[in-house]
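Using the sequences provided together with the hints, build the complete structure.
2 protein chains.
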Amino acid sequence: MKQVAIGIDIGGTNTAIGVVDREGNVLYELQPQLPTPQKKENPNMTEKRSDELCAGYVTELAAEVRVAIETVKKINPDIQVMGIGIGAPNANYYRGTIEVPANLPFVGVINFANLLQAKLPEINIIKLTNDANAAALGELIYGGGIGMKNFVMITLGTGLGSGIIVDGDLVYGQDGFAGELGHTTLVPDGRLCGCGGIGHLEAYCSATGIRRNVFEILAKTNNSESPLANVPYNDMTAKMVYDAAEQNDPIALEVFKYTGELLGRSLADTVHYLSPEAIFLFGGAAAAGDFIFKPTKESMERYLLPVYRNKVQILPSGLKAGSAAIVGASALVWKELDKI
Amino acid sequence: MKQVAIGIDIGGTNTAIGVVDREGNVLYELQPQLPTPQKKENPNMTEKRSDELCAGYVTELAAEVRVAIETVKKINPDIQVMGIGIGAPNANYYRGTIEVPANLPFVGVINFANLLQAKLPEINIIKLTNDANAAALGELIYGGGIGMKNFVMITLGTGLGSGIIVDGDLVYGQDGFAGELGHTTLVPDGRLCGCGGIGHLEAYCSATGIRRNVFEILAKTNNSESPLANVPYNDMTAKMVYDAAEQNDPIALEVFKYTGELLGRSLADTVHYLSPEAIFLFGGAAAAGDFIFKPTKESMERYLLPVYRNKVQILPSGLKAGSAAIVGASALVWKELDKI
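Residue numbers (numbering that gives the first Met the number 0), protein chains in the order written: chain A, 0 to 339; chain B, 0 to 339.
To be clear, the hints were calculated from the coordinates, so they are not data collected in a lab. It is possible that some hints are incorrect.
If several chains are the same, the list does not tell them apart, and a pair holds so long as it fits within one copy or across any two.
The list that follows gives simulated cross-link-like pairs (lysine to aspartate or glutamate, DMTMM-like), each with its CA atoms no further than 20 angstroms apart [to be verified]:
1) LYS310 with GLU98
2) LYS118 with GLU69
3) LYS338 with ASP174
4) LYS148 with ASP166
5) LYS148 with ASP168
6) LYS338 with ASP166
7) LYS338 with ASP168
From a predicted model like this one, the values you see are computed outputs, not experimental measurements.
Written out as C-alpha cells, the structure reads:
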C-alpha cells in the first residue's frame, strides 16, 4: 500500500485540494480550485444563513475529496488515504474549529472538522491549523526542516504569518493560536496594521509592508528618477521592487535594506525567545533572494546577544511555491500519525 | 524511602545549597552560603588560573553537598538523593557547561556538571540551566504552574530573566539558551542595556529599569515634592518606589504605570509568540502587587489581537522568595526523572 495524505488550503478566494505522498510529491491537485464562499457576496450574515452556507461548502468539499481519492486510485489502486490536513484562517488545532474568521463569511465558531467528518466517515484523521502553521509543518516533514528540532517559519505574503517548531513539534499554545509574530510590536507608535494594531511587524515586512516601505522612502527622498516613482500605490508589488533592485535602482535597494533591517531586528527577538536552529522565509517577498536575506541576516546578527551569534541560519523555504499550501496542510496528517 | 533533590544556585556573590523534597519543602539550607569566586578579586584571568579556581570551588561545593546530605540523613535515615539541579549564569542544559559567564571569574567553557560528577560519583543526575529557567521549572513542579502545560516565567530582579514552558517542558532551543526575553527590543533607539544592547526590555522593566524610570519621570516632571526626589540614583530601590506609591506619591504611581505599560506591551508580544495560559512575575518588582500587575495587565490586553484577549492570566509566582533559587534549581531533578 502507498500511504497518502489529503491537503486542503482554505484561502479567502479559492480552496486548494491535493493528494500528497510521504515525500511531499503532489499526486493530484484539483484544477480549477473550489471557490471559497465570499464575504462580500454574503453581507449581514445570520447564524442560520452562515450554517447553511457552511454546510453547502462542506458538501462540495467532501465531494471533491472523493473525486481526488478516486482519481489517484485509478492510477494506483494500492493508495491508502491516511487522513486530511486543512490549513484555514483562525483554525483551532485542538478543537478542529474555525473561529470568528475575518476573511470568511462564516459567523461564530464553526466545528469544521466535525462537519467534514460527518460527510467523510471513512477518514480517520481530520486536523486543522492556520496556513502559516501548516507551512511550518510542511517544512518539518518535507522541506528544509527535516532533521531539525527547533525552527521558525515566516511566511511573507499579503500578511506575515509564522509557525514555531520547538522540540520537533508545532507550538500551539493554550488555545491552538500561538505563533502570530506578524502582530508583535516592531515600531511603537508606528504604522497602522491591517488588524487595527499599531506598528506591527506585518505592517513593515510583509509584501504589503514592502509596498508601504517604497512609498515611505519615496516620500523621504523625493527621488523622481526611480521607476517605482511611476507606479500608483495600488499597483505596486514586491516583484516590481525586486525587478527595480536588479537594475540597481537606489530606491528599491534602500527598500530592501530598510525591510531587512526591521525584519532582522524582529528575528533577533525571535532568537532571544526560542534560540532556533534556523528561520525559514517563505512567500513572494522571500523570492527577492539576497536583496532581502542579506540585510536581514546582517541586522539580526547585530541585535543578537553574543551567545546567539553566528548560530542561527536564515534560509529560504524548501517548499515549492505553487503547491506549498496543500503540501503544508497535508503534513498535519503525518505529524498526527507520528504522535500515535 | 523519602526522595529528595539537591538545589544549587550559583549567584554572583554567593552560592546557595539546599535539600528539597518532591513537594518543594526545603529540608536543609546551607547557612551562611558558600562564597562564589569573585570576578573583581581575579582580574586578568588565564585559562590555567581559571581552571584552578574552578577546581577549588567545585571541591568546596562537593564538600558542602556531602554535609547537606549527611545533615538531612541524620534527621531521616530513609532519605534518597535523586540528583542535583544547578541554576547558574550562562548554564547550558544540554552540555552541562557554564559558558563564558559575564559575572563569574571563569574563562571560556567550563564543563561544570562533569567536574562536579567527578567529585560526587554516587549522584545519578546532575543538570544545569540558568536561574530564570530553573525558576520556571520550580513554578511548574512546585508552584502556580502545577497542572499547566504552557506558561512563561518572568523574573524581575537586577536583570529581567525568563523561562518558557511549552507543552509541559522548558524551551531550551538549539543550544540550551532559549528564553532571554529581557534582551528583546522594547524601545528602538532607547536606553542602553547592561548587555550593551539598546532599548531592551530589561532596561525598562527590571528593578534596575524601575529605578531608571523614576529618574526619567523626575527629569520630565521636575517634581521636587516627591520623596523620591531626595534619593540619589545609586540608592534608589524598587522597594522605595513601592513605599512611595503606598503613600500615593504621584511620581511613584506614574513610575509603576509607565513600567506596566511597557511590560504589558512586551508581554502581549509574548502571547503572540506562545499563547500561554499564564505569565508569572517573580522577584522584588513583582512584590509591588497591584501597583505593577494592574497596569501591566491592562496594557497587555490593549495590545493583544482579539483572539487572545481575556485568556491569559498575569500571576504572582507561587514560589517563596527566600528559597526560590534552590527550590527552582532542585526542580531540574524531578523534571529529569519525569523524562526517564
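Check each numbered hint from earlier against the structure, then list the numbers of those it violates in ascending order. none
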